[in-house]
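K.L.:
So the chains spell out like this:
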Amino acid sequence: MSPRQVVVRLLLLATIAVAALVLSVRVGAVSMTTMGVLEAIGGEGDPASIAIVRQLRLPRAVVASLVGAALAASGATFQALLRNPLAEPYILGVSGGAAVGAVGAIVLGIATRATWIVPAAAFVGAIVAVLTVLRIAASVGRSLDTRVLLLAGVVVGSFFNACILLALTLTDAESFRSAIFWMMGSFAGASWTSAGIFTAYFVPALALLVALGRPLNLMAIGEETAAHLGASVETVKLLAYGTASLLTAAAVAVSGVIGFVGLIIPHVIRIAWGGDYRFLIPASALLGAAFLVSADSIARIAAAPTELPVGVVTAFVGVPFFVWLLRRRAV
Amino acid sequence: MTLFRARRSPAASPTEAAPPLGWSARALTFRYGRDSSPVVDAVDVTVEPLRCTALLGPNGSGKSTLLRLLVRTLEAERGEIELGGRPLSSWSRRELALAVGVVPQNEEINFPLSVRELVSMGRYPHLGALRPVGPRDRAAVDAAMQRCDVGRFADRDFNTLSGGERQRARVARALAQEPKALVLDEPTLALDVRHEMEIFELVRDLSRSGVTVLLVTHNLNLAARYADALILLEEGRIAAAGAPADVLRRDLLERVYDWPIQTSRFAGPGPDVGSVQVTPLARGEPLRAGHSLNHHMGSTDDHP
Amino acid sequence: MPLPVLPVMGRTGFLLIGFRGPLAGSQLPTRVAAMLLWLLVGCGEPDSGSGEAVRIVPADSAVQAVDDAGRLVRLPRPARRIVSLLPATTETLVALGAADLLVGRTDYDDPSLAHLPSVGGGLTPSVEVLTSLQPDLVIAWEESGAARVRPRLEAVGIPVFAVATQDTAAVFANVERLGALTGMRLEADSLAGWMRSELRAVARSVADRPAVDVLYMIGVDPPMVAGPNVFIGEILEVAGGRNVFEDVAAPSPHVSLEEIVRRAPEVVLIPSTGASSASLERLRREPGWRELFESGDTRFHTLPPDILHRPGPSIVDAARVLRDAIHSESARPR
Numbered sequence: 001m002s003p004r005q006v007v008v009r010l011l012l013l014a015t016i017a018v019a020a021l022v023l024s025v026r027v028g029a030v031s032m033t034t035m036g037v038l039e040a041i042g043g044e045g046d047p048a049s050i051a052i053v054r055q056l057r058l059p060r061a062v063v064a065s066l067v068g069a070a071l072a073a074s075g076a077t078f079q080a081l082l083r084n085p086l087a088e089p090y091i092l093g094v095s096g097g098a099a100v101g102a103v104g105a106i107v108l109g110i111a112t113r114a115t116w117i118v119p120a121a122a123f124v125g126a127i128v129a130v131l132t133v134l135r136i137a138a139s140v141g142r143s144l145d146t147r148v149l150l151l152a153g154v155v156v157g158s159f160f161n162a163c164i165l166l167a168l169t170l171t172d173a174e175s176f177r178s179a180i181f182w183m184m185g186s187f188a189g190a191s192w193t194s195a196g197i198f199t200a201y202f203v204p205a206l207a208l209l210v211a212l213g214r215p216l217n218l219m220a221i222g223e224e225t226a227a228h229l230g231a232s233v234e235t236v237k238l239l240a241y242g243t244a245s246l247l248t249a250a251a252v253a254v255s256g257v258i259g260f261v262g263l264i265i266p267h268v269i270r271i272a273w274g275g276d277y278r279f280l281i282p283a284s285a286l287l288g289a290a291f292l293v294s295a296d297s298i299a300r301i302a303a304a305p306t307e308l309p310v311g312v313v314t315a316f317v318g319v320p321f322f323v324w325l326l327r328r329r330a331v
Numbered sequence: 001m002t003l004f005r006a007r008r009s010p011a012a013s014p015t016e017a018a019p020p021l022g023w024s025a026r027a028l029t030f031r032y033g034r035d036s037s038p039v040v041d042a043v044d045v046t047v048e049p050l051r052c053t054a055l056l057g058p059n060g061s062g063k064s065t066l067l068r069l070l071v072r073t074l075e076a077e078r079g080e081i082e083l084g085g086r087p088l089s090s091w092s093r094r095e096l097a098l099a100v101g102v103v104p105q106n107e108e109i110n111f112p113l114s115v116r117e118l119v120s121m122g123r124y125p126h127l128g129a130l131r132p133v134g135p136r137d138r139a140a141v142d143a144a145m146q147r148c149d150v151g152r153f154a155d156r157d158f159n160t161l162s163g164g165e166r167q168r169a170r171v172a173r174a175l176a177q178e179p180k181a182l183v184l185d186e187p188t189l190a191l192d193v194r195h196e197m198e199i200f201e202l203v204r205d206l207s208r209s210g211v212t213v214l215l216v217t218h219n220l221n222l223a224a225r226y227a228d229a230l231i232l233l234e235e236g237r238i239a240a241a242g243a244p245a246d247v248l249r250r251d252l253l254e255r256v257y258d259w260p261i262q263t264s265r266f267a268g269p270g271p272d273v274g275s276v277q278v279t280p281l282a283r284g285e286p287l288r289a290g291h292s293l294n295h296h297m298g299s300t301d302d303h304p
Numbered sequence: 001m002p003l004p005v006l007p008v009m010g011r012t013g014f015l016l017i018g019f020r021g022p023l024a025g026s027q028l029p030t031r032v033a034a035m036l037l038w039l040l041v042g043c044g045e046p047d048s049g050s051g052e053a054v055r056i057v058p059a060d061s062a063v064q065a066v067d068d069a070g071r072l073v074r075l076p077r078p079a080r081r082i083v084s085l086l087p088a089t090t091e092t093l094v095a096l097g098a099a100d101l102l103v104g105r106t107d108y109d110d111p112s113l114a115h116l117p118s119v120g121g122g123l124t125p126s127v128e129v130l131t132s133l134q135p136d137l138v139i140a141w142e143e144s145g146a147a148r149v150r151p152r153l154e155a156v157g158i159p160v161f162a163v164a165t166q167d168t169a170a171v172f173a174n175v176e177r178l179g180a181l182t183g184m185r186l187e188a189d190s191l192a193g194w195m196r197s198e199l200r201a202v203a204r205s206v207a208d209r210p211a212v213d214v215l216y217m218i219g220v221d222p223p224m225v226a227g228p229n230v231f232i233g234e235i236l237e238v239a240g241g242r243n244v245f246e247d248v249a250a251p252s253p254h255v256s257l258e259e260i261v262r263r264a265p266e267v268v269l270i271p272s273t274g275a276s277s278a279s280l281e282r283l284r285r286e287p288g289w290r291e292l293f294e295s296g297d298t299r300f301h302t303l304p305p306d307i308l309h310r311p312g313p314s315i316v317d318a319a320r321v322l323r324d325a326i327h328s329e330s331a332r333p334r
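Protein chains in written order, with this note's numbering: chain A, 1 to 331; chain B, 1 to 304; chain C, 1 to 334.
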């Protein structure tokens, strides 16, 4: 891919992402005209519309875009590190750990003390899970062996899921329901505060992953080969695992566990434009943003005023599209 | 950390400017796991610069392990290794990658990748993570692909190639590094006659044009014809090292490989006339447990 | 908020509103006396007398109440545009005569409110739709979970009053607090008084009979029963029943079938929607339940859940329904 092609394609994807975000602000459970939306952004019109657009839809669209970008970029990174096309952001037990944190906060009754409690607990849980997995892998061998990591991730994830089930069994019906809702994933709680905090994680993390593009290309072939070609394999692994895990943990803390994005979006880019990670990471981020914010739009309007869980929409919409793409490519 | 270094390396090709590389190792010992027996046992080995050296031995004799010790994929438990007159441990990872190209036996590539992309990875030691690709890099990649006859596959998916074509692409990747030494681990395993010969001719050309070559191979005869020096390993120890004629002796080979053989001389035509050739013999009866080799030695003669 | 699980043994009963303490003794007369004591003492202010509900609150007076999250919710003037996300508080507002103050409903509210725009489910309403209705008060369930609704609404300037009604005392507290927030204190007192007198009437009607051992199944599979601290459990006692799980502190504990069989309730009450006999038939065939059915000592009743699961003015009807079910002599073991 020539540099010019790279720029053109990234611009195309950026345009799509922006368009999806704009569309997401335009639609919602409350019907508004485009003029109405634009006026509300500018601060004119009735206070309810202004509030809806500025305080509800805009931050939500921003957060959904950022989370989609984060999940797609970290999914691509894990696929390279684990050399496995089935890898996705939650593969090192992140979702299990985050859920334990969040559900724990809910079940212990401390969740309502402040709005940041559940996200913080989810984040801490996610980090604990990843550290546990890395610790297990490190105790087995000097370096982070891929197979051990995968196995440890599955095992730790299962353990945490069992903890969640235990907590849910022992708690009352209402906490149970809240916990389930959290785990289904949603952007309903998005605010400018959470958007700001997430951006603070997102920007440096994505920049680092983009910079690691070439080393990730080498890692995806094999660690020995990468080392022969001069890559600092251990450093790359540490940086990449750490960054991708942090990014995923932040995403899950903000919006719960939303699957499918991190797994499929990198493959869509690969099928269309190849797997060079210098392009794949930013391209996946842009496409992930467009995809998730669109899925959230659908989740909000498909059965309005009831909101569908975003993870349901990503799967229902994404799977048929992906199958179509696979078949087209094969023919 | 060599990851993001932005300094330019000297413009001249490494093969022209720097002295030729060779290895010299003493008392190398390595074992997998603490309590197992050593796979490489107190080995002294010399790989002469600008020569083609072949590493031979039965399965499990430690060839691949020795190779990996020499390129620092593994750390020896005991012993010293020098590369280019300096201790191997003093080479930075990047220096090593600029100097030594490694062609592995096998790789598992689970993602779509074009041949050109694979070969271009060989430029990583020169470019690092951030430097943009320049005309010199593109030229090196093209030249490498041409030399290994994979230029016509440049834009094809690597996974659609045959085993032999993939191997040649990997050699091209190592050549794209513009290394001073080339290390190949059984490069001709899946190759047909033509391509196997092409690889051996290639490595001989390379060793004549300023690249030190070390390869592990099972093909005793081609090693005898194309390599300048042979090293024969037996259970982690050197059984013999030196010119092919000195290493490929009938009694030695029969002991090491535990099979009756006959040696002869290559009658030509070609530049390698007179090279020792090894022909395995038929046993005549199936092997029984504990059966001694001497039973079959009969009256086979060496042909001078 | 879920009540903490404490290893409290011994019976609980209610003495005064909002105060609970152990009651000594397990004798029936003491219990009945204590109950009547509560009903008398807990009257609070005298009935204002039903009749004209007069809204004479000056338009500019601020109102306030403390919600179940411990927050003091203060409104500059009595609420005039209300959305209640809980059917129970909606009912309470309607009973107060404040139905015309409602500007929205949930999908689970009474059909009589169908003319109002819906905001979706009560636990996951559309915050957008809520915002567009421009309420000056939203009554929401105090979720121990995502707590999404309140911060989002407060971010757009809509006050939220959080409610977490568990027991009967909380029901009466809601009546009082909703009265305060709507500037309808008099109506609230009137409603509370009426509710108390109705409950008293129910209690009196069965006071001369021995208490019947009752089990109230909130959920059947897995078995989840009403404990004594949840309003259903309390109403049970008003209706002349003795909760066989009165020693358990949790509001709605999961219990094993074994434990149910061991405690040998005389009456098992199962809230059931739709074809009640169908679910009962299914239950009858289950191991464990089968034995209870066939022993002949236990009566099973299915009851409509709508009335029973709304901690609002419906507790009065709930008390009657429960009483009739518990003390229906005519019912044969089915």
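Among the hints, erroneous ones may be present.
[Stated by the list, open to error] Quick list of simulated restraints, FRET-style, between CB atoms:
| hint | chain 1 | residue 1 | chain 2 | residue 2 | range |
| --- | --- | --- | --- | --- | --- |
| 1 | A | G43 | B | D155 | 31 to 39 Å |
| 2 | A | R328 | B | A243 | 56 to 64 Å |
| 3 | B | A243 | A | L151 | 44 to 52 Å |
| 4 | C | P305 | A | I271 | 34 to 42 Å |
Rather than coming from a laboratory, the hints here were simulated on the basis of the structure.
Idealized CB from N, CA, C, for every residue including glycine.
K.L.:
Provide an ascending list of the numbers of those earlier hints which the structure does not satisfy.
P.N.:
Violated: hints 1 and 4.
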